[in-house]
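2 protein chains.
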Amino acid sequence: MNKEIHLVKRPEANPTQEHIKLVEGERPSPSQEEVLVKLLYVSVDPYMRGRMSDAKSYIEPFQLNKPMEGGVVGEVVDSKSDALKQGDLVTGMLPWKEYTTAKAESLRKIDPSLGPVTTSLGILGMPGLTAYFGLMDIGQPKEGETIVVSGAAGAVGSTVVQIGKISGCRVVGIAGSEDKIAYLKNELGIDETINYKTENVPERLEASCPDGVDVYFDNVGGEISDAVYPLLNKFARIAQCGAIASYNVPNDQGPRLQMHLIKSSALIKGFTVGDYQDRFKEGFTHLAQWLQEGKLKYEETITEGFENIPHAFFGLFEGANLGKQLVKVAEPSYSKQ
Amino acid sequence: MNKEIHLVKRPEANPTQEHIKLVEGERPSPSQEEVLVKLLYVSVDPYMRGRMSDAKSYIEPFQLNKPMEGGVVGEVVDSKSDALKQGDLVTGMLPWKEYTTAKAESLRKIDPSLGPVTTSLGILGMPGLTAYFGLMDIGQPKEGETIVVSGAAGAVGSTVVQIGKISGCRVVGIAGSEDKIAYLKNELGIDETINYKTENVPERLEASCPDGVDVYFDNVGGEISDAVYPLLNKFARIAQCGAIASYNVPNDQGPRLQMHLIKSSALIKGFTVGDYQDRFKEGFTHLAQWLQEGKLKYEETITEGFENIPHAFFGLFEGANLGKQLVKVAEPSYSKQ
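Here the protein sequences line up with chains A and B, keeping their order.
Quick note on the UniProt record's numbering: the first sequence kicks off at 1 and runs consecutively.
Quick note on the UniProt record's numbering: the second sequence kicks off at 1 and runs consecutively.
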């Protein structure tokens, strides 16, 4: 049998167990040019909340009564392609099924010498590239500037914090637990931190940014961003990566922000990592180099068990994860990690 | 005697007669390198509302119990500078006083051969440059794209509409009276119009933009912009020029817009014309050429009398003006226009 996780109902607010169902299917067989992949690690990400809705977006909604899908690391256990062989470790966008078939060409073979295989879902994968392009292309940090990062201890945020420091900036990070704050301070060498659950964000932001805010890398939106906008310096840049505070709030309202943009001639640019597809190689090169030089660190929160994927996903919206949230689904059958 | 218009109280909401006072002062004398200027035309502009507040902004607040100031056309009636002589027509930022002194170097001499002197406060002045740089630098219109312009019949908006047509785009304009709509349709050759006072803006926008919105030149903000954001195409650009709907509404609230920006990888950039100071010559050159070729038209709404400046200013917030709102203050004493 083959466990699958299906979307069975579209959430209006928070996604919960009622929207998702564990289903038993059959193990598929690969056709020509396909491989059979055994899932090892599954990435759960806030953007998936958007695909649970059927609103127009940059990416197709998940279909009802079909498996949800996302970034995974898997092992090729059967191959009808010359490009991949049994035991190869691969990464790609695959459905949440314990075993699944895929065109070999839709997968990227992982080079385990670059780092643990899980990094291809984190610092050397979409989150790392998201941080790199959002900060470098939209944020354009200059030495001595002040960068504010919301969701600073997440997979994307913690990478932004570090690239900000590599760029010679003062970095202020906002996160929601003492563990995360300690991680930012002790491991990542951040300049200032704000715990939005226990501290007064507007007051602490003003105190932490005496020279204003030049770059804001925003994963969160909502009231945290409301507090950043009044501090924007002339020609400030905001990389709008996520808005997790709004994902589960229908018709979310807040102060209008156009006046802040006019007053500071500031820019907000929404983006998704796919916008930079043509430049992925540039991103990988920098990230891998910084990782090897010890300038980039990363954390993972790993939940165990295929059936716990929904639980790990729901936890994202409560800020349960430090760094990249993964689910370990199985041990490899043929390869050694 | 010398009439002056002073700010005497800072408005919380709409500016009214209680915030402004007509004062009699003395006619000043120019010092070395200064000239005495007789005001002929005064420009009233929505941005002046911002200077009536003492909130942090890109430009200093007006001081209480001092004259308000803005763009004017004046005549040099006395000169202690070699750069300007009696009878010269000049433009610059000057206080609202019938006669005022200024450093000659702070004024720009008008070349009346380029067009009527009032164009230096309109299409060949700050409003024209604002339209040019906001649309061309931020909007970056490409042939065949759809541009939406709010406040489309104003001094800035009507220039944007025309530059949009010159750029080969489909242009949809939003305005608030049948006169303005008729002007946009009959004089400026716009593709579609929406009267926000009598029509359902979200429905009409959707019908008018079957291929979505690529560029939004926003003078207005508020509910009109709320209706544009859901229609943004991938990589849409918003030039945030003004937000007149919010100027007089303390703590104005609306739907949060970050999700729209992420979904469409769209950009919003606030700006003021001063950001482009280094490129004014480029702007003047294009605008003057299009004007001479008959590709650019303009309208002026001219109120008469120094003491009616406040009334003309208040009218901006009720949408009373078609094209550039000016106040004619006096006839020249020495020059012929």
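If you're looking for bench data, these hints aren't it; they were derived computationally from the structure.
Built from N, CA and C at the ideal position, the CB exists for glycine as well.
It cannot be assumed that every hint is accurate.
What the hints assert, rightly or not - Which residues of chain B face chain A? A partial, calculated answer using Cβ under 7 Å:
(1) Gln-140
(2) Gly-221
(3) Gln-258
Said to hold, decoys possible - Once the Cα atoms are required to be at most 20 Å apart in a straight line, the calculated DMTMM-like pairs of lysine to aspartate or glutamate come out as:
(4) B:Lys-3 / B:Glu-304
(5) B:Lys-297 / A:Asp-278
(6) B:Lys-234 / A:Asp-54
(7) A:Lys-3 / A:Glu-143
(8) B:Lys-263 / A:Glu-98
(9) A:Lys-263 / B:Glu-60
(10) A:Lys-56 / B:Asp-211
(11) B:Lys-234 / A:Asp-275
(12) A:Lys-263 / B:Asp-137
(13) A:Lys-234 / B:Asp-54
(14) A:Lys-56 / B:Asp-226
Do the hints match the structure? See the list:
Evaluation of the B:Gln-140 hint against chain A yields a violated restraint, the C-beta minimum of about 13 Å exceeding 7 Å. Nearest Cβ of chain A to the Cβ of B:Gly-221: about 4 Å, under the 7 Å cut. The hint holds. Using the Cβ-Cβ criterion of 7 Å, the hint placing B:Gln-258 at the interface with chain A is satisfied: the shortest such distance is roughly 4 Å. Taking the CA atoms of B:Lys-3 and B:Glu-304, the gap is near 15 Å; set against the 20 Å cutoff, the hint holds.
The straight-line distance between the Cα atoms of B:Lys-297 and A:Asp-278 is roughly 43 Å, outside the 20 Å bound, and the hint therefore fails. Restraint check for B:Lys-234 and A:Asp-54: satisfied, since their Cα atoms lie roughly 18 Å apart, inside the 20 Å limit. For the proposed pair A:Lys-3 and A:Glu-143, the alpha carbon gap of about 50 Å is over 20 Å, so the pair is violated. Under the criterion of a C-alpha separation no larger than 20 Å, the hint pairing B:Lys-263 with A:Glu-98 is inconsistent with the structure, at around 30 Å.
Between A:Lys-263 and B:Glu-60 the CA atoms are separated by roughly 11 Å; this keeps the pair inside 20 Å, and the hint holds. For the hint pairing A:Lys-56 with B:Asp-211, the CA-to-CA distance comes to about 14 Å; that is within 20 Å, so the pair holds. Of the pairs offered as hints, the one joining B:Lys-234 and A:Asp-275 holds, with about 10 Å between alpha carbons and a cut-off of 20 Å not exceeded. Pair hint A:Lys-263 plus B:Asp-137 holds up; C-alpha atoms about 18 Å apart against a cutoff of 20 Å.
Restraint check for A:Lys-234 and B:Asp-54: satisfied, since their Cα atoms lie roughly 18 Å apart, inside the 20 Å limit. For a cut-off of 20 Å, the pair hint linking A:Lys-56 to B:Asp-226 stands: about 16 Å separates their Cα positions.
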